[in-house]
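Those protein sequence lines, which keep their order, are chains V and G. Start counting the first sequence at 1; every next residue gets the next number (my numbering). Start counting the second sequence at 1; every next residue gets the next number (my numbering).
It is worth saying that the hints were derived from the structure and are not from the lab. Be aware that a few hints might be false.
Since the list gives no way to pick one copy over another, a pair counts as held whenever it fits inside one copy or between any two copies.
Claimed, not checked - Quick list of in silico lysine-lysine cross-link-like pairs, BS3-like style, CA-CA up to 25 Å: (1) Lys88 <-> Lys76; (2) Lys270 <-> Lys255; (3) Lys182 <-> Lys73; (4) Lys74 <-> Lys182.
Remember, predicted model here, so these are calculated numbers, not experimental data.
Protein chains: 2
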Amino acid sequence: MRLIADVMGADASPETLAPAFVQGAREAGIELTLCGDADKIRACLTEDDLSFVTVCHAESVITMEDSAMSAVKKKKDSSMATALRLLKEGEGDVVISAGNTGALVTGASVIVGRLEGMKTAAIGTILPLSTPTLLMDSGASINLLPENLVQFAHLGSAYMKAIFGMEEARVGLVNNGAEETKGTELYRTAHEMLKNEEGIRFVGNIEGRDVPFGRCDVLLCDGFVGNIVLKLSEGFGFYFSGILKQGLLSSLRSKFAAMLLKPQLKDLRKKLDYTEYGGAPILGIAAPVIKAHGASSPKAIVSAVKMAARVAESDFFRRARAND
Amino acid sequence: MRLIADVMGADASPETLAPAFVQGAREAGIELTLCGDADKIRACLTEDDLSFVTVCHAESVITMEDSAMSAVKKKKDSSMATALRLLKEGEGDVVISAGNTGALVTGASVIVGRLEGMKTAAIGTILPLSTPTLLMDSGASINLLPENLVQFAHLGSAYMKAIFGMEEARVGLVNNGAEETKGTELYRTAHEMLKNEEGIRFVGNIEGRDVPFGRCDVLLCDGFVGNIVLKLSEGFGFYFSGILKQGLLSSLRSKFAAMLLKPQLKDLRKKLDYTEYGGAPILGIAAPVIKAHGASSPKAIVSAVKMAARVAESDFFRRARAND
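The task is simple: from the sequences and hints, build the whole structure.
What follows is the structure, given as structure tokens:
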């Protein structure tokens, strides 16, 4: 298996990303192609790294300010577009990029192409809550139709089966109340359609209050709401870690208690840490494309590489194609 | 000052609510009218309570399943409609209800009436984060126009000035990115209008990740997104309390540490506790109407009564009227 990694245009520098991808690929036991500024990439790798890595030079970089169409239109020679083209041409099995999300989603849809019948793509992010919950769409598509959410329900269920071995994932719909008449027209219509859809296990609306408590395995919403849910979850993780730390450091006695609590605190930090699950797959694309967090740490990249290997090895893409 | 309290139709029983309202009114030093089933109310109050409380009997109850129009149409003799009518007629200064939110918002808009010029009402909820943040609309109106959000910006700023003494509240817009081109059409248009609006201090888009960190004092969004933000915040508060407790109880050593941390844990619980700030005002109504949480504990009701007294005493309503 070969991973194609785009190391440019993220908040993290290529000098951070390239060695982290190398480490991840080594740990996962897979081959690696790095796309980006070849000089920069070579400068931050060892001789030993370079003997094992293919470097694919790209002239330009898609920045966070570039438009969603940039990989397809203005910057066809960018590292991101190059990585996606290599995947399309079979020169690798999975792409990871920590760059511009909109450009990656659009680039993947156009260059790699969508699964047959898929009307739009979604970012699926695993929320590390009581049980792993796939939030989709967590930011790809701002304007959705109810039928897109129904497609996401099938795709998300297939993903949770392939990656987490869930036989019949419970599908929930984010909403502002449990009753089926709740929500905007998109959510009311989607609820009605999901209720009557065969082949998924729809468990109804999920209120914000219930999101952390594992009431469903696939949590559906549009990309606007999904982005807010995802980032709010991250934000509250940071916030609670912060006020807990503040409390623990507030006196000598509390510092002593914190020492006694070391294993519990480590476990807690892990539960609040969104980097554990690595990247987020762009679901609905014909081959695996993974979005890593823009400000990914080396640890997050290593974790994303392992997740990517798992996704590419799974029969998710075969299964999803067969479902069409 | 006289508080009019609707004690029916909440998740909490009248037997829980009525004594809590009495206690709250006593602590706040204000007069009290209780609306609801007079027999039930009298049965759970002492002689001493009854000498100080006015009981106003209402024949029917608006349940959580009733429509938003119920206080205005089918159940004009309900405790909620009665409470709102008493407010309108000057028989009291502020209403609190823990009943059906939609019915309370619509009932308040029609029976009490909106402030002149206000196109729609919003629920304003104080999120007890790094600094108190007014989330509005947190659930009154699912479908909004950009101009509604601009009105909320003025109203929210006036509220934070009157209640928290903030001279120039920072107004932020919930969004899926910091850039002004982010979000659905509603949010993009609202951003453009808010940027050019005089008399408010607009600080731009607020991403979910930044919500807990006090980047603004008034956080604007539609009621669908606001309900999700509010309940997710509550849910994560419970979730983190739960995993922290689990960690603290996991061994003898951790239980000992928890004992040492008693003051810090108490403070932490307080920071995660949304009942501290009591009820949420329905902003845009010509007189103060406060929504208390459906499952309010006696403590939450006492806290809501104190907040209600503060709102009714403030010059918020005079000021808001003068702004028209």
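Results of checking the hints against the structure:
1. Lys88 <-> Lys76: So lysine 88 and lysine 76 pass the 25 Å test inside one copy only (14 Å; across, 65 Å).
2. Lys270 <-> Lys255: both (20 Å within a copy, 20 Å between copies)
3. Lys182 <-> Lys73: between (40 Å within a copy, 21 Å between copies)
4. Lys74 <-> Lys182: So lysine 74 and lysine 182 pass the 25 Å test across copies only (21 Å; inside, 42 Å).
Going down the numbered hints, you'll see the structure goes against none, and every one checks out.
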